[in-house]
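Chains as they are written, first to last, in the numbering used here: chain A, 730 to 1133; chain B, 730 to 1133; chain C, 730 to 1133; chain D, 730 to 1133.
Keep in mind that the hints were calculated from the coordinates and are not lab data.
These numbers were taken from a predicted model, which means no experiment stands behind them.
You may find that some hints are simply not true.
Same chains, same names: a pair is fine if it fits in one copy or spans any two.
What the hints assert, rightly or not - List of simulated lysine to any residue pairs, SDA-like, C-alpha gap at most 25 angstroms:
hint	residue 1	residue 2
1	K1130	S915
2	K1015	W1089
3	K1130	S1068
4	K1065	P887
5	K871	D848
6	K1015	S821
7	K1130	A1018
8	K772	D783
9	K807	E920
10	K807	G981
11	K925	G873
12	K1130	A950
13	K871	A1062
14	K1065	A759
15	K772	A734
16	K871	T1006
Number of protein chains: 4
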Amino acid sequence: MPAVARRFLAEGHLIDSGILTRMLNAIVDAGADYRVIEFAMGKVRTDPSRVELDVSCADGEKLAALTGLLVNQGCYEKEVGEAVLRAAPRDSCVPDDFYATSNRRTQVYREGAWRDVADMRMDGVIVVQGRSLSCRLIRNVKAGDQVVCTSRSVRIIPLFPEHESEEFGFMANDVSSERSVDVAISRVAEELARQKRDGGRVAVVAGPVVIHTGGGPALAALIRDGYVSALLAGNALGVHDVESALFGTSLGIALDTARPVFEGHRNHIRAINAIFTHGTLPAAVKAGALTSGIMYECIRAGIPYVLAGSLRDDGPLPDTEMDMLAAQRAYGALVKGCSMVIMLSTMLHSIATGNMIPAWTKTICVDINPAVVTKLSDRGSGQTIGIVTDVGLFLRSLAEKLQR
Amino acid sequence: MPAVARRFLAEGHLIDSGILTRMLNAIVDAGADYRVIEFAMGKVRTDPSRVELDVSCADGEKLAALTGLLVNQGCYEKEVGEAVLRAAPRDSCVPDDFYATSNRRTQVYREGAWRDVADMRMDGVIVVQGRSLSCRLIRNVKAGDQVVCTSRSVRIIPLFPEHESEEFGFMANDVSSERSVDVAISRVAEELARQKRDGGRVAVVAGPVVIHTGGGPALAALIRDGYVSALLAGNALGVHDVESALFGTSLGIALDTARPVFEGHRNHIRAINAIFTHGTLPAAVKAGALTSGIMYECIRAGIPYVLAGSLRDDGPLPDTEMDMLAAQRAYGALVKGCSMVIMLSTMLHSIATGNMIPAWTKTICVDINPAVVTKLSDRGSGQTIGIVTDVGLFLRSLAEKLQR
Amino acid sequence: MPAVARRFLAEGHLIDSGILTRMLNAIVDAGADYRVIEFAMGKVRTDPSRVELDVSCADGEKLAALTGLLVNQGCYEKEVGEAVLRAAPRDSCVPDDFYATSNRRTQVYREGAWRDVADMRMDGVIVVQGRSLSCRLIRNVKAGDQVVCTSRSVRIIPLFPEHESEEFGFMANDVSSERSVDVAISRVAEELARQKRDGGRVAVVAGPVVIHTGGGPALAALIRDGYVSALLAGNALGVHDVESALFGTSLGIALDTARPVFEGHRNHIRAINAIFTHGTLPAAVKAGALTSGIMYECIRAGIPYVLAGSLRDDGPLPDTEMDMLAAQRAYGALVKGCSMVIMLSTMLHSIATGNMIPAWTKTICVDINPAVVTKLSDRGSGQTIGIVTDVGLFLRSLAEKLQR
Amino acid sequence: MPAVARRFLAEGHLIDSGILTRMLNAIVDAGADYRVIEFAMGKVRTDPSRVELDVSCADGEKLAALTGLLVNQGCYEKEVGEAVLRAAPRDSCVPDDFYATSNRRTQVYREGAWRDVADMRMDGVIVVQGRSLSCRLIRNVKAGDQVVCTSRSVRIIPLFPEHESEEFGFMANDVSSERSVDVAISRVAEELARQKRDGGRVAVVAGPVVIHTGGGPALAALIRDGYVSALLAGNALGVHDVESALFGTSLGIALDTARPVFEGHRNHIRAINAIFTHGTLPAAVKAGALTSGIMYECIRAGIPYVLAGSLRDDGPLPDTEMDMLAAQRAYGALVKGCSMVIMLSTMLHSIATGNMIPAWTKTICVDINPAVVTKLSDRGSGQTIGIVTDVGLFLRSLAEKLQR
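Given the sequences, and given the hints that come with them, work out the whole structure.
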């Protein structure tokens, strides 16, 4: 017999966004029950709906857990009270009932009102400092920080699909290699042109497959033409970009003939060695030793970039950040405020970036493997629009459309 | 202790083609032994080599089986005798020790000389009629036909890599989605131009993904411009080609916007119904009801085509051949004498075609899934060059290169 | 300005099933508008909801198309009239505004009442004969048949998730290779035990990968132990099953050592030849020539099976049906009345079967490639639960769990 | 006209290993020519062969490059001279004509004799210190170090296939999801038993998919039973292992029911937080807070492990090494001297490990995606034997076979 109950409210496009469906399913899946107290359905398309319902459960702990799920769907408790704050017991450590953030707009009821949380990202906690609330990674929490606990005074502002569907909605349905990507490329080109015109900031996350598949010159052109505000990549992109600029190869394969070349197997190490000779990538550009490619265009145009290291890196280049905490900070700084992120054939850097950006950032992921896009969505970046295609042909065609 | 032995000869580019390596490995893997009687290595690149060796084995049956493997590598017995012929005991049935063919040039020792076998394809048997030998499917063998048995008087003429490497060798190494396909497309374009100029016959094997990915107009252009000699496809290609010509959709997705359209879910059935109204595809063209697309261009230009049915077909179109034995015969007739086959995103029709063509036919397979190309090679069509990319962008780019 | 409008009704679990969400989205995507006349939301979990709304659109044709989409979601027109019937103009040909069926329970308003349609499957039409209505493939329509046209008097009874979720819901969420399949196998085992106990009919659709991956003996055991009511396969399953029974190999690879064997490359043709010697599979079993394997167990137990041919078949076996229309009929006859279908690693036969079965048939699809399951759902068999794993280990583990 | 020529020698199993084939192809591909001076083919299986040939080329630089390729195949120059040594111009920087190492046994001609190089791995350089030679990463080279330059005095001792084929050769042929893995698991079980008996060292490289697919308990059992000498993993393995030990979930999915649980979305962060509460994983074990799982078994048995960080890590755990240079050193220390490496569903850590180990280490890679195994081989770890299957079922079955 239900021993405990709470009353929840939700408002907005509850039906067309599917929020109400997910709420009811969450309740039933939890073995709890609901009773609709009031439901006012929007009469026409632009009207919001509003629901008020009691959720009851035999087990208080389950109800607390369910509350977390409902809050994540955009519900909030009717009888909202002041946020529960508890002090972090030590550095990088929070009370066990901490509220774990999602990547959507979030408010906390504090001092009598719903207040916005700054710096939203997924899998963080909310720390209160005076009147301001901000999202923070647990590792950055200090002993004594006031941390928001339980989900009872938290409210998430759902993204309603129509806000975004106008330009990109056509691609949002599913991930398939059986679609015409030419139309998708046209849409991305139009969006890039709009971002440039409107002063948007576009971050590109790129893997070395961009170089291997011959997409390097096209991406370099996008940078040169001002469509890219920041480049987030790994050591391998830098290495193979330099290799292709200095020797015309990528992993030892000549880019103009697609055949292996004789010095090939040494070329990526020679490229690293060449940069070490000058000290850094910018020094090599300044010395006139590096005169083309993606890194060259970034350096020449002053576009900020980060090359993050990984366990499998050769070299690495002197410019590569091998401390992952520093690399995460550097990535985070570059994506902050970006209005659009384009992810090109790299699961590692794409998931890392997806973890950092709020859900309202326009996000495109291009990969020949549909599983990469699926995985990105599974990991919480559900806003990602996937384009399943050859990234080399994609970039070539995108650059052509933008140059017309 | 080795009880039985046979002496084998092989000649040609034994080292650079890897044939000798495969021979020795086959012997050792079989638990047999060899003794090299004579080996003359070609002194320079253009010289052939020649080897003579004794193969011995404790078990006569194993040696017979091993002989089959060695013959498949291009060896033949030194003490060759007249071919063993046995009568087929009944229709579609051959003696148990029948020789199973490969898809390479094959000779049989008969009436004192090595004689060519006509109509080579894999997984057939060799039937002797008077002086002529030809390859035949078992199901086409008639009771009493003289069938070549055992591999002792059979000789395969290996393909040496240099014969082919000139134009295509660059792509032959492996199957990878991490290559620049732009170069590969250029090579295919050059080869198609050469085939047209030299009167070659190019068969295109195409799946419906060609239409879904927006490659239809490009393939239609290739047909219109005379690059295609025959089209081998299935019911679905025909249906979606007609759907896109009549309604601008493919499986209900609008090709110009990549969005689902309202009538969409019915369109492929409406397309079939529309053709039934006229009776056949050519009748629909004649009546002016079908005025664009792949099928239209084939019909207008008189390019022969086959639409083979399958178990999963809707409709099918009245033009689709639903009897698989008839469909195999029709495919076989169209690929006979083709100098090049281009396979576009359809494993079923590509493997079917691969089974029918001799190994010296230039074969290109384009698919976004690398496993398709691998499987094609595993099934015996080892000559296939794979291009892992989006077939829509591939065709679009190929048509552009050919129209310049 | 909206020129035309229609009033629709829908009842049932409109919110938790997501139906209302999909309805509103379909309306907005179509550029139409709605006005909610009445909405009664179920107060508790078991209560149905009910909605009545006006849909208006500037364009009458668009509204007709939209009506089709809404009907597919389970709406029906409030002012329902008698079904529009038109005579088929000729054999295999229907009026252009025919109603195309889905695979869900369907009713037509006829002679003053909603009447059930028999033999539901997707992509058919509804033919009226006297008082009875049945679903039929267009190719089976005869000139003069009365065909239901437009969707205005059609109503689909939606499947509500809770009906099915009890046993299988745990697996229904998504397709991922990153899940524990051991739990899923336990659930399938429980369901198979229940089906056997309750007299359910379970059809197995199996591809040759079952044999290649060593799953043959486990599937044979399931058949022997009475868990399988019908086997739907292709020529290749039959051929490699016989090959493994006679020679211990599959495509020439020994199943006990996973190494190629010497006679291997000929074994699948020898297997076909051996069956031809006896005439048919049952004759080979009767003659004592085939004494184990999947086909043997089916024949011994009198389990009906169909081996459908395809364009790529070698042989085929004399038992293989090479006429695809006959093969579709044979498949259709075997799945009729099945309560569960298990699809094992074959996209071709699985899609073919999915086309034939109603949406309320429990459907499991096991494949190592997640794209196969996705494609099956995209083609309309949305009820399919995918298990992404190695089919050989799956069957081995399933048989073990059932034998405990 | 050939202007330059060099004479090369090679000895060993040149034919059956395919080395001679690759040598001749490399020469022809380079546009160079050869003349065979002498060729003595091994008469029987156990005899080595020996070849001496002149390679000539119009271009001295091309010949130098070709020399590198031939040396990599196991050739060496007949007129070998003392190794060319040049001082490193600065830290982490080598002369441009440095010799880049492979992962095979290597000798350098130095002070009148061929001398072994210690610490072989791929993509390093060879540094001479007094009489000893060792392989070193460029980043560890100090200004003034004597570095071996050009490939003229280098010799690689090829691995001949028979050395390894005895236990594992059966699996070495190709990568396919269409094989019976049950046999492969039996072979791996036998090999693990042999390694344990003979005092071999087995490193396991494991990704978090091991936990998600329910393979955690089986891997924990292998560690407990003494089959594992070192564990190389990333932060995610540690996090999800702790999550499953503390909460019974992996990424929020309950491992016993495969259903999402309510607290699920927070569990991996709660797991991290729990370890931070105790300080480290060993402290949590000591405190009795962590009492099962992979990490627990390692800590209890004193098996060394490394958790390497990555850019996408949440947390990370306090035990995770986030400095990639330190992580590479830690990995390198653990694999040093290992006789076998088993890679379980993690491309990143597997490629990183593959880069560090010599080619004669037995290497098994298990992944459901065949592309991972292919990529590992492409990156130089050609000795890797791939098993394409579900890693959860693989570990479960492996542990069962070892416990019998």
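How would you classify K1130 and A950 at a CA-CA limit of 25 angstroms: within, between, both, or neither? Both. Shortest intra-copy (12 angstroms) and inter-copy (21 angstroms) distances satisfy the 25 angstroms Cα cut-off.
Measure nothing new, just compare the shortest in-copy and cross-copy C-alpha distances for K1130 and S1068 to 25 angstroms and report within, between, both or neither. within (21 angstroms within a copy, 36 angstroms between copies)
Pop the pair K1130 and S915 into one bin, within, between, both or neither, using alpha-carbon distances up to 25 angstroms. Answer is both: 7 angstroms inside a copy and 20 angstroms across each meet the 25 angstroms cutoff.
Regarding K925 and G873, is the shortest C-alpha distance of 25 angstroms or less found within a copy, between copies, in both, or in neither? Neither. Shortest intra-copy (44 angstroms) and inter-copy (50 angstroms) distances fail the 25 angstroms Cα cut-off.
First find the shortest C-alpha distance between K1015 and W1089 inside one copy, then the shortest across copies, and answer within, between, both or neither for a cut-off of 25 angstroms. Neither, since 39 angstroms and 44 angstroms both go past 25 angstroms.
Treating 25 angstroms as the Cα threshold, decide for K772 and A734: within, between, both or neither. Classified as between; 15 angstroms across copies, 30 angstroms inside a copy.
Treating 25 angstroms as the Cα threshold, decide for K807 and G981: within, between, both or neither. neither (64 angstroms within a copy, 28 angstroms between copies)
When no copy is specified for K1015 and S821, does a C-alpha distance of 25 angstroms or less occur within a copy, between copies, both, or neither? between (42 angstroms within a copy, 20 angstroms between copies)
K1065 and A759: within-copy, between-copy, both or neither at 25 angstroms Cα: Answer is neither: 37 angstroms inside a copy and 36 angstroms across each miss the 25 angstroms cutoff.
As a check of your reading, is K871 near D848 (CA-CA no more than 25 angstroms) within one copy, between copies, both or neither? Classified as within: same-chain Cα gap 17 angstroms, cross-chain 44 angstroms, threshold 25 angstroms.
At most 25 angstroms between alpha carbons: which applies to K871 and T1006, within, between, both or neither? The answer is between: 13 angstroms across copies meets 25 angstroms, while 42 angstroms in one copy does not.
At most 25 angstroms between CA atoms: does that hold for K807 and E920 within a copy, between copies, both, or neither? Classified as neither; 40 angstroms inside a copy, 43 angstroms across copies.
Consistency with the previously given hints fails for numbers 2, 7, 9, 10, 11 and 14, ordered from lowest to highest.
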